[in-house]
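K.L.:
What follows is each chain in one-letter form.
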Amino acid sequence: MKHFDPADFAQDDPQGRLAKAVDKFRTVVAQVPSRAPVTKAQRRDGEDALRELAQVLREMVLKEWQTAADELINKTEKWCTALDWRTRRQTAELSETLLDSYQLPQLLIYADEELFVLSPIARFVPDGMGAYQLSIQPSFELSSIYRDFDGVWYGHVDLNHGQVHARREQWSKHILEACVRELKSLA
Amino acid sequence: MNRRQQWMQRIADVAQEYLAARSAAELLAARTKSNPFFGVSQGWKPRAGAAFVQNLEATYLIRMFAEFEAGLREYWRSHLGRRTHPNMEHLLRNLIPNQLFSHDCIDAADEVRTYRNSLVHLGVNTPPLPRQGFKIHEAKRRLCEYFSRLDSQW
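Chain order of the listed sequences is A and B. Anchor point for the first sequence: position 44 equals 44 in our numbering, and the numbering is continuous, going up by one each time. Anchor point for the second sequence: position 130 equals 130 in our numbering, and the numbering is continuous, going up by one each time.
I should point out that these hints are in silico values taken from the structure, not numbers from a laboratory. Predicted model, so just to flag it, every value in this text is computed and none were measured. All residues carry an ideal CB built from backbone N, CA and C; glycine is no exception. Don't take each hint at face value.
[Said to hold, decoys possible] Rough simulated footprint, nothing fancy, chain A against chain B, three-plus residues with beta-carbon under 8 Å:
#	region
1	31–39
2	148–154
[Said to hold, decoys possible] List time: in silico DMTMM-like cross-link candidates among lysine to aspartate or glutamate, alpha-carbon distance up to 25 Å:
#	chain 1	residue 1	chain 2	residue 2
3	B	K135	A	E96
4	B	K135	A	D100
5	A	K63	B	D107
6	B	K135	B	E26
Using the sequences provided together with the hints, build the complete structure.
P.N.:
Here's what the structure looks like:
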């Protein structure tokens, strides 16, 4: 216990690191006079602080996004097994400005003699906190599966009217089946 | 081929035309080198030939974006059934995208729009160029990627 240093553990505490990074950035900004140009040193310190802030945020967002994506794939995989559809997991490489390069799971589903792919689109999408797409191969037909701001995954059905007029439903075994059936009929 | 694919093909066709025009520019350069008065014999000044070569990529980028805009407006009007005529920035960034678009995909297409605007309005109020510029194939990649996210039922 005599070697215990709270600072060692603070490194693993994302909220603590975020608070520290925000404080550091605020401190640098406060040193810049409103009516004078920024000095080279202030600029460098500001860039360092902002980079640190972005790094902490990146780690937090990515961890949370990967957990959510894992949950989606795990659930879908379980439903596929229950439906007697064969599945195979793969890793998709993604790259987003705020997250750099990272990996997420994608699921190949062999259902009703057709191949479907549940693959990630991005964490940063309009009106949501991440999206996947379920597509039938080889075809352009797909349904978007996205995570709303409440953290719940939603799928789209009634695809014959187009994605724009599709109906949003909470992602479930029943909606997965409906999507597969509709995509097959459209392909 | 659905409408989405047709418009993507039109964008790709502009990139092909650019390659043909670039070859033509190289042939023209060879011709004017061997005969400096070739342009004059055809009714144009040597300065016009130099400008043609210099502006070639920008010219085709503007044309490519015109195809992109026309396609997007058709999607807005015919597929989404809207009668309004929003400005291009609002249309591209806010009105069209849904969760099938990543923000990076939207930003990438919008950077082409900003760059195209800087080319078109150069000399009028000379907005700063957002970046060094786009190669035509990079613009094509960005615009086609955006189009690939539109509704396949169109």
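K.L.:
Each hint should be assessed against the structure and marked as holding or not.
P.N.:
For each hint, the structure was consulted:
Check on the region 31–39 of chain B: 0 of its residues sit with their Cβ under 8 Å from a Cβ of chain A, so the three-residue criterion for coverage is violated. With 4 residues having a Cβ less than 8 Å from any Cβ of chain A, the region 148–154 of chain B passes the three-residue criterion, so the hint holds. With a C-alpha separation of about 21 Å, the suggested pairing of B/K135 with A/E96 holds against the 25 Å cut-off. About 23 Å separates the Cα atoms of B/K135 and A/D100, which keeps this hinted pair within 25 Å; it holds.
With a C-alpha separation of about 24 Å, the suggested pair A/K63 and B/D107 falls inside the 25 Å cut-off, and the hint holds. Between B/K135 and B/E26 the CA atoms are separated by roughly 18 Å; this keeps the pair inside 25 Å, and the hint holds.
The structure fails to meet hint 1 from the earlier list, while all remaining hints are met.
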